[in-house]
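Work the whole structure out from these sequences, hints included.
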Amino acid sequence: MLNIQICNGLKITLSPHQKCRNLQLEMTCFLDGRLDILISGFHSVQKKGYKIQLTFESVYLQKYPELSLVQTLDLKVHQYQQGSALSCRFEPIADSIFEYTEAQPMLKEMMLESLALQILFHALEDRKDCDKTPCFHCRFLNIPSEKQKIMQARVLAMIHLSEPLSIPALARAVHINECYLKKGFKELFGTSIYDFIQQERVRKAKHFLSSSRISIQQIALELGYSNTSNFTNAFKKLTGLSPTEWQKISVKAFA
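At position 62 of the sequence shown the residue is numbered 53 (our numbering), and the sequence of numbers has no breaks.
Treat the hints loosely; a few may be bogus.
What the hints assert, rightly or not - List of simulated lysine to any residue pairs, SDA-like, C-alpha gap at most 25 Å: (1) 54 to 38; (2) 99 to 133; (3) 42 to 4; (4) 42 to 17; (5) 177 to 206; (6) 39 to 105; (7) 42 to -1; (8) 38 to 55; (9) 42 to 159; (10) 227 to 55; (11) 239 to 218; (12) 2 to 115; (13) 138 to 182.
No lab work stands behind these hints: they were computed from the structure.
What follows is the structure, given as structure tokens:
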């Protein structure tokens, strides 16, 4: 296994993999803002199978505000048939990443960063965003049992704030189509599932900050953030204040 830190917030991990007939791509967005893209492929010239993991930390993605949409991504696995239009886009880029990670050319890191961004661009472009499909007032919500499933998903999301469930996991838990879950949730509660979870985490964080002596680090861990920095950024994004600043104001208000 080969780990290459391209720059602050972007890492590429390369490992051998058994031969794949079709290119596979798996994309996962975590609630702390990190995005992983896992590619399994086969280099036809070198006759080697490979697995490439591209890790985009939130600090890196913040450089590109237009990529804020990755926060809405769920776990998706795609297989691309050889010769298909999308396979023809992905395979040369993935093969180039494989070649550059093993070689030592000039400007290696710059080239790898460029290739990683190309993969990210095509992956996002390819993703079918069902949120853009007309909802037609979400007629399925007129069925009481379907509406109840959306309500149950909300309860589950609140129960699992410390270890948030992915949208696919929520959909499976309440036995509903992922697209219906996202559309129905937005229709009933006026917000996306991701934003709801973030809001609830901040609401709970405010409770801890105003009514206990728990440290900022402990609160971050309690709410499932991988580190204090991610918690602080998420809190400040919704409140305009850092947790410490909000706590000071809260203490003065109730003194």
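message: For a C-alpha distance cap of 25 Å, please report whether residue 239 and residue 218 respect it.
response: 21 Å, holds
Agreement of residue 42 and residue 17 with the hint, judged by alpha carbon distance not exceeding 25 Å: Judged against 25 Å, a Cα distance of about 11 Å means the pair holds.
message: Just to be careful, I want the Cα atoms of residue 138 and residue 182 compared with a cutoff of 25 Å; is the pair within it?
response: 16 Å, holds
field: Distance restraint between residue 99 and residue 133, which requires alpha-carbon spacing of 25 Å or less
entry: The given pair, whose Cα atoms are some 56 Å apart, is violated under the 25 Å limit.
message: Given the hinted pair residue 39 and residue 105, is their Cα-Cα distance within 25 Å?
response: 23 Å, holds
task: Would you check the hint for residue 38 and residue 55, treating anything up to 25 Å between C-alpha atoms as holding?
output: The hint is violated at about 36 Å.
message: Run the distance test for residue 42 versus residue 4: straight-line Cα separation, threshold 25 Å.
response: Within the cut-off at roughly 8 Å; holds.
- request: Starting from residue 227, check that the Cα of residue 55 is at most 25 Å away, please.
  value: The given pair, whose Cα atoms are some 19 Å apart, holds under the 25 Å limit.
task: Sort out whether residue 206 lies within 25 Å of residue 177, counting only the CA atoms.
output: Violated: residue 177 and residue 206 sit about 34 Å apart, past 25 Å.
message: Checking one constraint from the list: CA of residue 2 to CA of residue 115, max 25 Å. Satisfied?
response: 19 Å, holds
- request: Measure nothing beyond the straight line between the CA atoms of residue 42 and residue 159; if it is 25 Å or shorter, mark the hint as holding.
  value: This hinted pair holds, its Cα atoms lying about 24 Å apart.
message: Against the 25 Å threshold, does the CA-CA distance of residue 54 and residue 38 hold or violate the hint?
response: With Cα atoms ~37 Å apart, residue 54 and residue 38 exceed 25 Å; violated.
In this structure, the earlier hints numbered 1, 2, 5 and 8 are contradicted, and the remaining ones agree with it.
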